[in-house]
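2 protein chains.
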Amino acid sequence: MVELPAAEVADRSGVNRATVYRWWPTPADLLADAVAFHWDYRIDAPDTGSWEGDVRSAMTEAVALVDEPVERAIMAAMATGRYPEFNAVVTDAWTKSLPQWVGMVERAVDRGEVRPEVDPISVVNLMLAPLIATSLLGRRGTSLQDLEMLIELVYRATATPPER
Amino acid sequence: MVELPAAEVADRSGVNRATVYRWWPTPADLLADAVAFHWDYRIDAPDTGSWEGDVRSAMTEAVALVDEPVERAIMAAMATGRYPEFNAVVTDAWTKSLPQWVGMVERAVDRGEVRPEVDPISVVNLMLAPLIATSLLGRRGTSLQDLEMLIELVYRATATPPER
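As they're listed, the protein sequences go chains A and B.
So that you can map any letter, position 151 of the first sequence is 150 in numbering that gives the first Met the number 0, and since no number is skipped, the others follow by simple counting.
So that you can map any letter, position 98 of the second sequence is 97 in numbering that gives the first Met the number 0, and since no number is skipped, the others follow by simple counting.
To be clear, the hints were calculated from the coordinates, so they are not data collected in a lab.
Note that this is a predicted model, so its numbers are computed, not measured.
Just so you know, not all the hints are guaranteed correct.
[To be verified] Derived, one-sided and incomplete: chain A residues facing chain B with beta-carbon distance under 7 Å:
no.	residue
1	Ala75
2	Met77
3	Thr79
4	Ala128
5	Arg139
6	Met148
7	Leu152
[To be verified] FRET-style restraints, in silico, Cβ to Cβ:
no.	chain 1	residue 1	chain 2	residue 2	range
8	B	Lys95	A	Ser142	19 to 29 Å
9	A	Arg21	B	Pro98	44 to 54 Å
10	B	Glu116	A	Ile120	26 to 36 Å
Just so it is clear, CB atoms sit at the ideal spot from N, CA and C, and this is done for glycine as well.
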């Protein structure tokens, strides 16, 4: 069993220790919940019917998610590298959800909205990483204004050039 | 004085404790060095004369930097939020270096290479965050192939559309 003491998670996340212990009395509870969270609560890749809609939907949901104290604590714990088994569990869950994200990009390529030469996983990285970096290093959320700019940049990065 | 015990840094970074103690016998040494590192060692905004050259140069240097164990340990310590004074010192150093990054984007706008409506700080976030997220959550470097794709995406996101 991976060791991920609740006290550490509390210290690292800034959440009250009593709260963490109430939620997760044992490391097993914590790990189980973290995995369930990553499986069930994390955002699904959207399918709005347009690439612009999908980018907007995914990034808007991601802004709220990565600013959650529990999600931030999970990512901070991963960043420390102190619990390799924990990282493996979370990374594995993410890897299993990747095909639906790749599918989101591929549908947009099929609709002619996204350049076929883009690598879908790099696009997902470009969508989510600026929000994650702000959450982890700035320990704050991304402002609506910054979110709008990032959505526009990701859209431009990927969209098929307009017809001449 | 901020407390940032070397033992913790060792545990979090995966660097040997003895190595950390040899480098930084006291927390004060560690903090001083972290600040110096962020002031002196961190990459300067490039000025290659072209936007494509600047994007490539900055991101290529950043890939190596964010994969350094010490840099990763600094970012992981920031992500935990456990040492607010440490975060403040590093964030302050970064804030002071921001004008040169903004200047890099503004020069490209002046040359007509970058769309004037882009927000320079969001562009810098887009350039560096995917590399940082891979370093922190994947605890690995970005492959050359992924770097090339990300450079291309950032360039497309920001470049002035070709003349019709």
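Here's how the hints hold up against the structure:
The interface hint given for Ala75 (chain A) holds, since its Cβ lies 4 Å from the closest Cβ of chain B, which is under the 7 Å cut-off. The restraint placing Met77 (chain A) at the interface with chain B holds, with a minimum CB-CB distance near 5 Å, inside the 7 Å limit. For Thr79 (chain A), the interface hint holds, since its Cβ comes within 7 Å of a Cβ in chain B; the closest pair sits about 4 Å apart. Hint status for Ala128 (chain A): holds, given a least beta-carbon distance of 4 Å to chain B, under 7 Å.
At about 10 Å, the closest approach between the beta carbon of Arg139 (chain A) and any beta carbon in chain B exceeds 7 Å, and the interface hint on this residue is violated. Given the 7 Å rule on beta carbons, the hint for Met148 (chain A) holds: about 4 Å separates it from the nearest Cβ of chain B. Nearest Cβ of chain B to the Cβ of Leu152 (chain A): about 4 Å, under the 7 Å cut. The hint holds. Judged by the Cβ atoms, the range 19 to 29 Å given for Lys95 (chain B) and Ser142 (chain A) holds: they are separated by roughly 21 Å.
At roughly 46 Å, the beta-carbon separation of Arg21 (chain A) and Pro98 (chain B) lies within the given 44 to 54 Å, and the hint holds. One distance hint, 26 to 36 Å for the beta-carbon pair Glu116 (chain B) and Ile120 (chain A), holds here, with the actual separation near 28 Å.
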